[in-house]
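S.K.: First to last, the sequence lines map onto chains A and R.
For the first sequence, position 56 matches number 47 in this note's numbering, and the numbering has no gaps at all.
For the second sequence, position 35 matches number 326 in this note's numbering, and the numbering has no gaps at all.
By construction, these hints were calculated from the structure, which means they are not laboratory data.
Among the clues, some could well be false.
To be verified - Calculated lysine-lysine pairs in the PhoX-like style (CA-CA distance at most 25 Å, straight line):
hint, chain 1, residue 1, chain 2, residue 2
1, A, 65, A, -3
2, R, 428, A, -3
3, R, 390, R, 404
4, R, 372, R, 500
5, R, 404, A, -3
6, R, 372, R, 294
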Amino acid sequence: MAYSEKVMDHFAHPRNVGEIPDADGVGEVGNSRCGDIMKMYLKIDGDTITDVKFKTFGCGAAIATSSMATELVKGKSIENALQLTNKAVMEALDGLPPVKVHCSVLAEEAIKAALSDYYQRKGIDPTLIIGAPSGEHEEPVCGGE
Amino acid sequence: MMKIYADNAATTALSPAVLEEMMPYLTTVYGNPSSLYETGAIAKEAVETARAKIAALIGAKNASEVYFTSGGSESDNWAIKGVARALKKRGKTHIITSKFEHHAVLHTVHALKKEGFTVTYVDVYENGIVHPEDIEKAITDETALVSIMYANNEIGTVQPIAEIGKICRARGVLFHTDAVQAMGNVPINVEEQNIDLLSMTAHKLHGPKGCGALYIRKGVRPAVLIDGGAQERGMRAGTENVAGIVGFAKALELAIEGMPYRTEHVTKMRNRLIDQLLTIERSRLNGDRERRLPGNLNMCFEGIEGESLLLMLDMNGISSSSGSACTSGSLDPSHVLLAIGLPHEIAHGSMRLSFSDDITEEEIDYIAEKVKYVVDYLRNMSPLWEHIKEQEKEGQ
């Protein structure tokens, strides 16, 4: 298993690491048992994601996909961010080893969880816009005995 | 930046003295040991000299009890499948092993389950050591074999081999041990320790890759795994890896010669690092501190994941290893760390360092500095660490 140069670059120099204290939306996905947790913070002005930060517990790919996902939505419209797919994150990183694909899924879900929180805070039912959480992706199997 | 290879439990650098010993057999003495002409005879003699040397170094009574193989995995496969299949006819269909064996043992045993064998996996306790009494209790009339590793590859803990050997001998059960990690690090004597089968490999002790051996006590007849020519007295076919075999014997000789130095110096260096790293909050040493291989250090740091740690240490010139799920292709953390009772979330944050004789105090201090920096850096971006800290506050 080897990572692409892009993955290594985003792992070694992750973009947008940190927290936004007065974020408009915060989403956290994953769990410690599986070995990865991603937390995304969004600052939203009107229809635009003006700032985004992340914190990630996980492997190299988890950190790199988080970093890339923040880059892909920063400065974009909410509509654009809602269309972010794990595939787009993977492609932007020049691919991921097969066992790491779930990290890109998590990155997509983290952005959507943060947007979901944003809508919830505004009193809008997020499922109407984002859809029910996850479901379309197969959950990684972990923690099996 | 310093460059430090700290993954000697994965493999080691070939020693120049070993290479020198091997060179003639890679160049001028290319004959097949099975051939009758002179260059074949010289190769044959080299193989037999190496066999006698290795037999003597492990305390075997006869050189003919050492069989050369391609390495540890083959030796484990042969010992376990060979004994199990040979004894099945006599109604012996039960195998005892532990939960934290190398996959070469665990997967082999798993394969035998499909052939109808039953398996008991004895527990490994928190300190990474099996209890001989658990093995004694598990032995039944159907038990064909007990297979317990000499020293664990991840956490380096050394098992009570002599005690287990004694129990097996008393109960008339064959005893196999995978000594791949232990060889050259701790004294091994197959006679005194009642070991019936012992797996060995050359590349963990500064010998070449692709060469190992299986000690098989006289009178024990495992089924043949590799059919073909009459090499190794008809027990293991294939033209001998002459240069490898010669290198293996030399490497083992040097490793055993260096054991007192290793026990003193490498243990001291490793302990220096353990002490420095244990100052990191929420860190722990995995496996017994005393009963472990001199060069092995295995620690967990809460709130971070092992692969990121490994990659960042690599960027700082340090080659390490992790029991991390992420390096193994599965999402579960190390089976060894789970076997000693660590919860998944802590087992994910593991790091293994394994040193060779040349490790210096300067290098140890450099590693300590870098690990501290990297753990801190990764924790700062870890939501899990954030949760741990929040829980700490709530608990106060």
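S.K.: Now tell me, hint by hint, if it's right for this structure.
M.R.: Status of the hints after comparison with the structure:
Restraint check for residue 65/A and residue -3/A: the C-alpha separation of about 18 Å stays at or below 25 Å, so the hint holds. At most 25 Å may separate the alpha-carbon atoms for a hinted pair to count; residue 428/R and residue -3/A exceed this at roughly 55 Å. Distance hint between residue 390/R and residue 404/R is fulfilled; the C-alpha atoms sit about 15 Å from each other, no more than 25 Å. Distance hint between residue 372/R and residue 500/R is fulfilled; the C-alpha atoms sit about 23 Å from each other, no more than 25 Å.
Pair hint residue 404/R plus residue -3/A does not hold up; C-alpha atoms about 44 Å apart against a cutoff of 25 Å. At roughly 41 Å between alpha-carbon atoms, residue 372/R and residue 294/R are farther apart than 25 Å, so this suggested pair is violated.
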